[in-house]
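Asker: Residue strings, one per chain:
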Amino acid sequence: MVTTFFVFSVILGLAIYFTRNKTMNYALVILHLALLTTLNIHEYAHQDKLEDRFFRADSLGFIFFVVLTIISSTTLIHSYIYNEKRKESMRKIALHNVGFVGLITSIVGVLLSTHIGLMWAFIEATTLSVAVLIYHDRDRLSLEATWKYIFVASVGIALAFTGILFLGIAFQGAGNIDFTIDAIKQSAGQLDPIWLKVSFLFVLTGFSVKMGIVPLFNVDIDAKDVSPSPIGAMFSSALLNVGFVAIFRFYECFAQTSILEWMNKVLMISGILSIFFATVYLLKVQNYKRAFAYSSMEHAGIAIIALATGGVGYFAAILHLVLHSFTKASIFYQIGQIHRVYQSKHETHLGGYFKINPYGATVMLLALFSVLAMPPFGMFISEFLTFKALANKGHWFILMTMLVLLSFIVFSLTRKFLVLLFGEMPTHKKFSKNNGGIHPAETITQFILLGLVLYCGVVQPDMLKTYIEGAVKLLAVK
Amino acid sequence: MFSIITSIINDNEVTVNMMIVVFAITIIYASVAERVSTHITLLVLQGIVLFGIAVIELKHINFANLAFILSETLIFKALVIPYYLRRIVIRNKISKTVDTIIPMYYTLIIVSVAVVVFYIFAYSLNDTHLQIKYFTVSISAIFAGILLIMTHRGIIGHMIGYLVIENGIFLLSLAIGSEMPMIVNTAILMDILVSVLILGVFVNRIGSEFSTLQITKLSELKD
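So the sequences go chain by chain: A and B.
Residue 56 in my numbering sits at position 56 of the first sequence, and the numbers go up by one each step.
Residue 115 in my numbering sits at position 115 of the second sequence, and the numbers go up by one each step.
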């Protein structure tokens, strides 16, 4: 079934590229989403079963697969609106849709792969397909961002592949090279720890481009800023999760070896530095899209620290990323509308949004509560669990540093939101007081996504808990 | 003389060793090469050396896989990609010499010292399964590639650095014996080919948009 999905995706991708009738083109993208949903249901019924030799939906892959399906559906709606409002040419729409389908397909490959070499190849495929999406506007800024993203991501992915090869050197000592996750988990304990450490370091560096954390975070911020807002939503949710899953897979492989403590330290350093840089830039930046890109970096840092802390932190890390995906996607969709109203992303050009678009402003207000992890939104639980895990393990210094940095972020984001929602209306020429032709129905998806975050915070569904606990168990089972 | 050459060719280990040394020389030479065309010629040479090593080292793997890897090295690494780079250089009227941040004399010293340090590191590991020569040269190539990217101002220098990294990784994968499934091999080839093609497309666009291919011009995106 998984291979069939890939084959059909390639055929659909080609058909989308050559179809220059708009209705037909979007019908093909919707068909692809229908295939994606079918595969998702299929994986629900075939969990933990190996399919087509290299694919399996374990709990971790399945959770993020569901997130991907939800976010892809909502992103398609907003991409359609984005292209319609800008009266884009059919060629640009076709290219955009090919990139979109390619991105979704390669993310599915990453989530379901049981072979780390194959997973690596799919991650590279995400870089190539997302490049088309970043370059959508075809101006100097998008050219610069695309060049930097492809180049740095390619170098990063090459470094990650070097990490896989180091693992191969370690395997040579054991006499048998098998890069499936199960095989690595079984024999990692007998491998030379020095190679495992070097391997993990290279892999973390390489995949940090995808997750948007230290060290290679810069190009990710540029890409989120320049790409169309709906694609920014994919960056901050589905693609960020891809980076996490890739790092988690290696962490999972080595979790039962003597390097666990060392890995935790490295992740902790990467996580706290990510929050630090996010804080510094958030205090300085005036471009709203970049601000939310740095906010994504902050949350990715929190998830990495939660993972490194262990215990209840494992649960918190996965829950945090699931809820962050929904929150940040709705913020980026809304940023698209804000840009339509003000024709700008700059702080000095924005203000009085509540008067112009009360529905959109309500979304932003709710999103502020969610992104700041205020109760009863679900991210309060995941952040609280992270703090609890840090306290339980006695990481007081990290906990205190994190709290101080987060308080700066709370200040910076709140100020930005308040300026946007209640500040004075701008007077610049491009701004018109009509609301940019925004229909209230365009905010439905944002309310649904934020509603999901709220639901997870208040009700805490058993199903989600069971799947996250299943994913955490992957770290314990050899 | 002829008999010496024949005996060298017949002795696979000696041949492989020589080719690895040639590969090492190309990376050291690349650290001081001033002309873009020299860099491209060095890439061709690296592609041929990798082809030679693959012929000898991977004889035991199945034919389809071997044919694939050989065509990857000879056709793509030694012919297609260098040809494409030359076309980019001509089309965009890229300066014939490269522009570096630090004098090349320093990069030569850094790369040479790195080769020695990596050798000592590999030797000190006492790992009987580790092929020290392969390891030293491939890691040095990855390091030299990163250094090329860091020290060159021109975009073409960055692309060359990326290709040197890819060649280093390929050499490292030969040391491990390439037990990857066919699909991963395909993906790796696609990766290099597509990234170079896509990067090339963007170089052309940057060339026409910014009228210069200096990376310092790409600095409009900031906070």
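Take the hints with a grain of salt, since some may be wrong.
With a Cα cut of at most 20 Å, we get these calculated SDA-like pairs of lysine to any residue [said to hold, decoys possible]: (1) K222/B to F276/A; (2) K222/B to G436/A; (3) K133/B to S219/B; (4) K345/A to V312/A; (5) K388/A to I398/A; (6) K217/B to F276/A; (7) K93/B to L197/B; (8) K59/B to F121/B; (9) K284/A to Y119/B; (10) K197/A to H129/B; (11) K222/B to R140/A; (12) K222/B to D139/A; (13) K22/A to L33/A; (14) K197/A to L125/B; (15) K92/A to I198/B; (16) K265/A to N392/A; (17) K197/A to K93/B; (18) K393/A to V266/A; (19) K345/A to E220/B; (20) K197/A to L197/B; (21) K185/A to K92/A; (22) K133/B to I176/B; (23) K345/A to K388/A; (24) K430/A to L368/A; (25) K429/A to Y17/A; (26) K197/A to K217/B; (27) K197/A to Y123/B; (28) K222/B to V280/A; (29) K222/B to R91/A; (30) K217/B to E84/A; (31) K222/B to S344/A; (32) K197/A to F121/B; (33) K22/A to V66/A; (34) K284/A to L70/B; (35) K87/A to Y17/A; (36) K345/A to L474/A; (37) K197/A to T257/A.
According to the in silico footprint, chain A covers these stretches of chain B (three or more CB under 8 Å from chain A) [what the hints assert, rightly or not]: (38) 17 to 29; (39) 77 to 85.
Don't read these hints as lab results, they were simulated from the structure.
Beta carbons: idealized from backbone N, C-alpha and C, even for Gly.
Asker: Taking 20 Å as the top limit, are the C-alpha atoms of K22/A and L33/A close enough?
Answerer: holds, 17 Å
Asker: Hinted pair, alpha-carbon criterion (20 Å max): K133/B, S219/B. Please report holds or violated.
Answerer: Measuring from Cα to Cα gives roughly 40 Å; hence the hint is violated.
Asker: Take the C-alpha atoms of K222/B and R140/A, compute the straight-line distance between them, and say whether it is at most 20 Å.
Answerer: Holds. K222/B to R140/A sits at ~13 Å (cutoff 20 Å).
Asker: Between K222/B and S344/A, is the straight-line Cα distance small enough, at 20 Å or below?
Answerer: Distance ~16 Å between K222/B and S344/A Cα, so the pair holds.
Asker: Assess, step by step, whether the Cα of K222/B is no farther than 20 Å from the Cα of V280/A, and give holds or violated.
Answerer: Answer holds: K222/B to V280/A is near 14 Å, not above 20 Å.
Asker: Quickly compare the C-alpha distance for K197/A and L197/B to 20 Å and report which way the hint goes.
Answerer: Since the Cα atoms of K197/A and L197/B sit roughly 34 Å apart, the hinted pair is violated (cutoff 20 Å).
Asker: Holds or violated: K22/A and V66/A, Cα atoms, limit 20 Å.
Answerer: violated, 28 Å
Asker: Taken at face value, is the distance from the CA of Y17/A to the CA of K87/A at most 20 Å?
Answerer: Judged against 20 Å, a Cα distance of about 18 Å means the pair holds.
Asker: Does K388/A lie within 20 Å of K345/A when you go C-alpha to C-alpha?
Answerer: violated, 37 Å
Asker: Compare the distance between the alpha carbons of K430/A and L368/A with 20 Å, and conclude whether the hinted pair is satisfied.
Answerer: violated, 27 Å
Asker: Keeping to a limit of 20 Å between CA atoms, is the pair of K222/B and G436/A held or broken?
Answerer: Since the Cα atoms of K222/B and G436/A sit roughly 27 Å apart, the hinted pair is violated (cutoff 20 Å).
Asker: K197/A and K93/B were given as a pair; does the straight-line alpha-carbon distance stay at or below 20 Å?
Answerer: violated, 45 Å
In terms of the numbered hints stated before, the structure departs from hints 2, 3, 4, 6, 8, 9, 17, 20, 21, 23, 24, 25, 26, 29, 30, 33, 34, 36, 38 and 39, listed from lowest to highest.
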